[in-house]
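A.B. asks: Residue numbers (the working numbering), protein chains in the order written: chain A, 1 to 608; chain B, 609 to 791.
One or more of the hints may lead you astray.
Said to hold, decoys possible - Residues of chain A placed beyond 12 Å of chain B at every Cβ, according to the derived structure: (1) E59; (2) G142; (3) R145; (4) T210; (5) R338; (6) G443.
Unchecked claim - Here are the simulated DSSO-like cross-link-like pairs (lysine-lysine), alpha carbons at most 30 Å apart as the crow flies: (7) K155(A) - K396(A); (8) K396(A) - K211(A); (9) K551(A) - K570(A); (10) K695(B) - K211(A); (11) K409(A) - K89(A); (12) K741(B) - K89(A); (13) K695(B) - K155(A); (14) K155(A) - K409(A); (15) K393(A) - K409(A); (16) K760(B) - K335(A); (17) K582(A) - K393(A); (18) K551(A) - K409(A).
Derived from the structure by calculation, the hints contain no laboratory data.
Remember, it's a predicted structure, so these values are computed and weren't measured experimentally.
Positions of the beta carbon are idealized from the N, C-alpha and C atoms, including for glycine.
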Amino acid sequence: MTDQKTATASTSVSAQTDQTLSGAEMVIRALVDQGVEVMFGYPGGAVLPIYDALFQDNETFGPRLRHILVRHEQGAAHAAEGYARSTGKPGVVLVTSGPGATNVVTGIVDALMDSIPMVVLTGQVPTHLIGTDAFQEADTVGITRSCTKHNYLVKDIRDLPRILHEAFHIATSGRPGPVLIDIPKDVQFARGRYEGPDEVIFGHGYNPRTKGDPGRIAEAARLIAGARRPIFYTGGGVINAGPEASTLLRQLAAMTGAPVTSTLMGLGAFPAADPAWLGMLGMHGTFEANNAMHDCDVMVCVGARFDDRVTGRLDAFSPGSKKIHIDIDASSINKNVRVDVGIVGDAGSVLADLIEAWKAGGHEPNRQALDDWWRQIDNWRARQCLSYRTGDKVIKPQQAIERLYALTKDRDTYITTEVGQHQMWAAQFYRFQEPNRWMTSGGLGTMGYGLPAAVGVQLAHPGSLVIDIAGEASIQMMTQELSTAVQYDLPVKVFILNNEWMGMVRQWQQLLHGERYSHSYSASLPDFVKLAEAYGAVGIRCSDPAELDAKILEMIDSPRPVIFDCRVEKSENCLPMIPSGKAHNEMILPDDARDIGSIIGESGRGLV
Amino acid sequence: MAQPTPPASAYDLAHKTEVESLATFALLVDNEAGVLHRVVGLFAARGYNIESLTVAETDRRAHTSRITVVTRGAPHVLDQIEAQLQKVVSVRRVQDVTRDPNGVERELALVKVRGTGGDRVEALRVSDIFRAKVIDTTSESFVFEITGAPTKIDSFVELMRPLGLVELSRTGVLSIERGPEAM
């Protein structure tokens with residue numbers, strides 16, 4: 001490998017490459033060469049050389065590479081995720097060895113589950129101390145091997161430039177994901193020859209396939225054209241494929257006349273204002289989306305992975321349909337649900353080819369059958385599965401989201417969430433029209449995701465309105481990141497639906513565990529207004545429906561970070577719901593939710 | 609998939625009637641620290657069985673090793689294992705040897721048999737039939753070296769058991785494809 005590198009020594013990069021760099025300087029140089037503008041991190045003993053190189057780079061070149069000091073390493077990872085999801089660029093994290101690395105693990109798994117491009121740099125004890133249980137030593141590559149797309153321990157300075165650039169390539173291509181580089185302190189001090197992104201020779205046979213098979217795409221076009229009850233089931237893959245993919249999805253849906261539903265991760269790829277939009281599907285999806293999934297005859301899954309939250313009971317999942325599955329990850333196809341036409345490729349590329357194949361085949365949708373299909377869908381819509389009752393005494397959580405949407409929809413708004421009931425209500429009631437506007441922890445379901453993610457989003461979009469829709473329990477897992485927001489003048493808004501309960505846990509205990517509310521009440525809640533003020537942010541409280549709009553506007557118009565303590569109905573359940581172990585056409589709707597506990601069978605109780 | 613998929617009804621899926629079979633995967637991997645853990649960890653994390661595993665560097669210049677792993681599962685599980693293995697960045701190539709009609713599988717075993725008198729004579733006679741080699745002997749024991757398909761080794765071991773089998777060491781399966789093409 002070394003011989004090859006010498007052979008490719010290039011003069012194409014500026015004169016700086018002629019001189020040797022320290023490993024720490026190479027890290028900074030590689031980040032700049034990769035176009036990184038912002039990274040999130042926390043210093044410590046094993047990364048001090050990199051922080052020193054960063055300091056010197058900023059002295060020399062100004063803040064071409066900004067470092068955002070978080071308050072906990074997990075926050076750095078989530079901030080990087082928020083940055084990545086809202087921009088399409090990789091998020092970068094820099095943390096120290098030992099606890100720095102272990103604290104970042106939750107964020108790495110989160111990024112792996114939701115296919116977020118992320119490069120994590122961790123310091124490590126010097127190579128001669130590895131294996132001696134040295135201070136702040138942890139087997140970081142061992143710990144993260146199964147939760148990264150790929151990871152490296154750099155033992156030789158000669159490998160560092162290649163690994164740095166390779167990490168970005170792997171993180172951002174194919175199915176995106178987190179890549180970790182563990183750099184021992186002696187390697188950070190060692191000097192060597194730096195090589196730019198175009199000079200290095202990758203050491204792996206990694207070469208993901210992005211172009212779909214033309215034969216299968218043509219077959220898919222034929223299947224869709226022959227459909228009487230087609231549906232598009234789209235996911236985060238459409239968002240990851242870039243904004244063009246969302247445009248192509250809109251075109252294809254219009255051409256085929258088929259309705260569109262989406263997973264939690266895919267919200268925004270298709271505009272909620274479009275008449276063909278059915279809302280989210282799955283456990284807390286709409287009645288119309290889930291029934292249409294159950295009764296369709298041709299299902300086109302684009303960039304989604306038949307997650308258990310989506311399919312419900314697998315052996316009753318859309319029993320009568322032919323299934324087309326477009327996914328960049330070959331292992332997603334036929335993993336949970338067997339499909340008829342599997343197409344491995346990038347969602348954008350395959351959608352473009354599918355549109356071409358549709359035109360080339362001279363296909364036309366079956367208008368008459370589609371009319372019947374839409375009539376059926378309208379019947380399901382008429383059930384108004386998201387309906388809820390409001391009163392003049394208490395704010396309903398759904399109402400709070402609807403008002404938030406109404407008052408922010410004409411602005412340049414980005415939404416992040418924590419995990420739980422508030423997240424599902426946000427998904428149901430906030431109507432996304434564009435991709436990259438919705439950041440949530442889908443696969444891993446990480447409470448504490450939303451505030452740091454909002455910090456990352458706000459950094460990428462300084463003039464935009466960034467709101468973390470939160471619960472009073474989730475927010476306490478990462479409250480400290482408010483300090484980061486204040487330090488960097490990031491006016492993120494934390495909109496807490498405060499019902500004093502871990503609402504989703506309470507709901508499941510009500511449904512499945514005989515209303516025995518074991519440890520789900522949030523006792524000793526902080527005064528969120530004072531908490532905000534203690535951090536130097538603005539605190540707002542609202543419990544009166546009549547004041548809701550005015551206070552939301554006060555929050556939006558504040559130029560500073562805000563915690564909004566929205567006191568809502570305490571016992572509201574998140575509905576509709578497909579209970580565990582049930583099929584898509586066995587939903588609980590708000591108007592028949594009297595005796596929910598009896599609906600879930602013994603086997604369903606064992607499921608999650 | 610070996611056969612065209614039947615009309616897609618997901619109702620077929622959860623039925624546990626699918627027959628499990630043994631499968632041998634040959635992997636060409638980058639020879640670097642932790643690569644075996646990536647493969648083994650994948651099996652452990654996703655609940656797949658490993659029946660046998662062999663690994664050694666096979667090309668020093670290209671820095672590649674070959675891993676041969678024998679596993680068991682229903683056809684769609686085996687497809688999933690293959691797809692998951694292909695996702696590992698350090699894995700260069702995956703071959704399903706079992707489903708390849710040109711696949712050849714061999715295993716080597718060292719078998720220690722202890723006995724005297726008639727049993728000892730019989731052990732030597734059987735080893736001759738199986739073309740096993742005697743690589744060590746004392747007045748009351750033999751160590752045999754035997755090579756062949758895993759089933760052949762199984763039969764040999766069963767025959768040695770009543771004759772005083774005391775210890776067995778197997779390499780696990782190795783595989784290669786017949787014909788001039790390389791993996």
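A.B. asks: Now tell me if each hint is right for this structure.
C.D. replies: Each hint tested on the structure:
no.	hint	result
1	E59	holds (36 Å)
2	G142	violated (7 Å)
3	R145	violated (6 Å)
4	T210	holds (15 Å)
5	R338	violated (6 Å)
6	G443	holds (15 Å)
7	K155(A) - K396(A)	violated (57 Å)
8	K396(A) - K211(A)	violated (47 Å)
9	K551(A) - K570(A)	holds (20 Å)
10	K695(B) - K211(A)	holds (17 Å)
11	K409(A) - K89(A)	holds (25 Å)
12	K741(B) - K89(A)	violated (62 Å)
13	K695(B) - K155(A)	holds (25 Å)
14	K155(A) - K409(A)	violated (51 Å)
15	K393(A) - K409(A)	holds (26 Å)
16	K760(B) - K335(A)	violated (35 Å)
17	K582(A) - K393(A)	violated (36 Å)
18	K551(A) - K409(A)	holds (16 Å)
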